[in-house]
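Quick note, the numbering used here runs 20 ahead of the 1-based positions in the sequence shown.
To be clear, the hints were calculated from the coordinates, so they are not data collected in a lab.
Don't take each hint at face value.
Unchecked claim - Computed spacing ranges between beta-carbons, pair by pair:
1) Asn40 to Ala130: 21 to 27 Å
2) Thr131 to Gly226: 50 to 56 Å
3) Arg287 to Gly196: 30 to 36 Å
4) Gln294 to Gln273: 26 to 32 Å
5) Ala195 to Ala160: 40 to 46 Å
Stated by the list, open to error - Cross-link-like lysine-lysine pairs, in silico, DSS-like; alpha carbons within 30 Å at most:
6) Lys165 to Lys198
7) Lys291 to Lys198
8) Lys28 to Lys79
9) Lys28 to Lys55
10) Lys79 to Lys55
11) Lys79 to Lys106
12) Lys291 to Lys165
13) Lys165 to Lys106
14) Lys249 to Lys291
15) Lys249 to Lys198
16) Lys79 to Lys198
17) Lys249 to Lys165
18) Lys55 to Lys106
All residues carry an ideal CB built from backbone N, CA and C; glycine is no exception.
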Amino acid sequence: MVVMLKGKPRFESLDHYLANRDYGLALEAIAQEIKRRPENFNLLLRQAEILGLAGDRDKAIEVYRGLARHFAEQGFYARAIAVINKVVRLDPGRQEVTRELARFIAAQQATEHDQRARLDRATAPAAPDQAASPGADAMARQAEKERAASRFFAEFPPAALERLISTTAVRSFAAGEKIVREGDRGASWFLIEEGEVEVQTTDSSGRHLLLAQLGPGEFFGEVAVLTGKPRTATIVARNGVTTIEISRQDLDQIAAAHPEVRSVLQRFYEKRAQATVEAMLARMRGGGA
């Protein structure tokens, strides 16, 4: 009689294991891949999702909390909020995680403020930047774009930020799906966490015009929410898109309880309006070159 020996679970077969609900093999496979690529945090996200499917909710939450902490430490608050949203969906009773993240962001902002103040007082000249490869430079620009978007959350007072984190929703859209439609009333706005979207409008003859493409770390839909005007464009997912959705109703309630939030929103709107004008001018200059 020939005995067939099973080999180690393979990461390439992960989807097969999940389709068969063989979560034990799936967890073994992804654990091996994490050992091989420990710097890949998407693998940890996948591991946490599988742990949740396998019923090990506490372990899944432990992994999620570690990831949220890591993203927050790097200044990627939007990513951290998206991860915390997964914790609350997995266990609605774990609302303390929103408080934990809000306090961490507030403490980190205070520390960074002190560090900037010390640097401003320093007299030593800054070291010249080292030349970077085009790929590394693009990654650095993308990371800075995401951090810049995350600073919106950092401007909220801690109690208001905790409330905001607890009311945000993480929503996913398939390629080709219309996320908002031109002319509709704006009930919420979005921050792209993953994927890309197209900003479209129609001309007088009804033809579709592409205005822009947006990716991770970029907002859309805020004009309608902050001004009360109808949507000015249609947003279509170019590929699989994950967003953080912020409701106008929730923002209004937070601002009513924390009036200082209105000045945060006003500054944000003014910066966004200025950025939009600068982007339009840049496109006009580029088109005329």
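Hints, one by one, checked against the model:
{"no.": "1", "hint": "Asn40 to Ala130: 21 to 27 Å", "in the structure": "violated (49 Å)"}
{"no.": "2", "hint": "Thr131 to Gly226: 50 to 56 Å", "in the structure": "holds (54 Å)"}
{"no.": "3", "hint": "Arg287 to Gly196: 30 to 36 Å", "in the structure": "holds (35 Å)"}
{"no.": "4", "hint": "Gln294 to Gln273: 26 to 32 Å", "in the structure": "holds (28 Å)"}
{"no.": "5", "hint": "Ala195 to Ala160: 40 to 46 Å", "in the structure": "violated (28 Å)"}
{"no.": "6", "hint": "Lys165 to Lys198", "in the structure": "holds (24 Å)"}
{"no.": "7", "hint": "Lys291 to Lys198", "in the structure": "holds (26 Å)"}
{"no.": "8", "hint": "Lys28 to Lys79", "in the structure": "holds (23 Å)"}
{"no.": "9", "hint": "Lys28 to Lys55", "in the structure": "holds (14 Å)"}
{"no.": "10", "hint": "Lys79 to Lys55", "in the structure": "holds (18 Å)"}
{"no.": "11", "hint": "Lys79 to Lys106", "in the structure": "holds (13 Å)"}
{"no.": "12", "hint": "Lys291 to Lys165", "in the structure": "holds (14 Å)"}
{"no.": "13", "hint": "Lys165 to Lys106", "in the structure": "holds (23 Å)"}
{"no.": "14", "hint": "Lys249 to Lys291", "in the structure": "holds (18 Å)"}
{"no.": "15", "hint": "Lys249 to Lys198", "in the structure": "holds (19 Å)"}
{"no.": "16", "hint": "Lys79 to Lys198", "in the structure": "violated (36 Å)"}
{"no.": "17", "hint": "Lys249 to Lys165", "in the structure": "holds (27 Å)"}
{"no.": "18", "hint": "Lys55 to Lys106", "in the structure": "holds (24 Å)"}
Hints 1, 5, 16, counting from the list given before, are not met by this structure.
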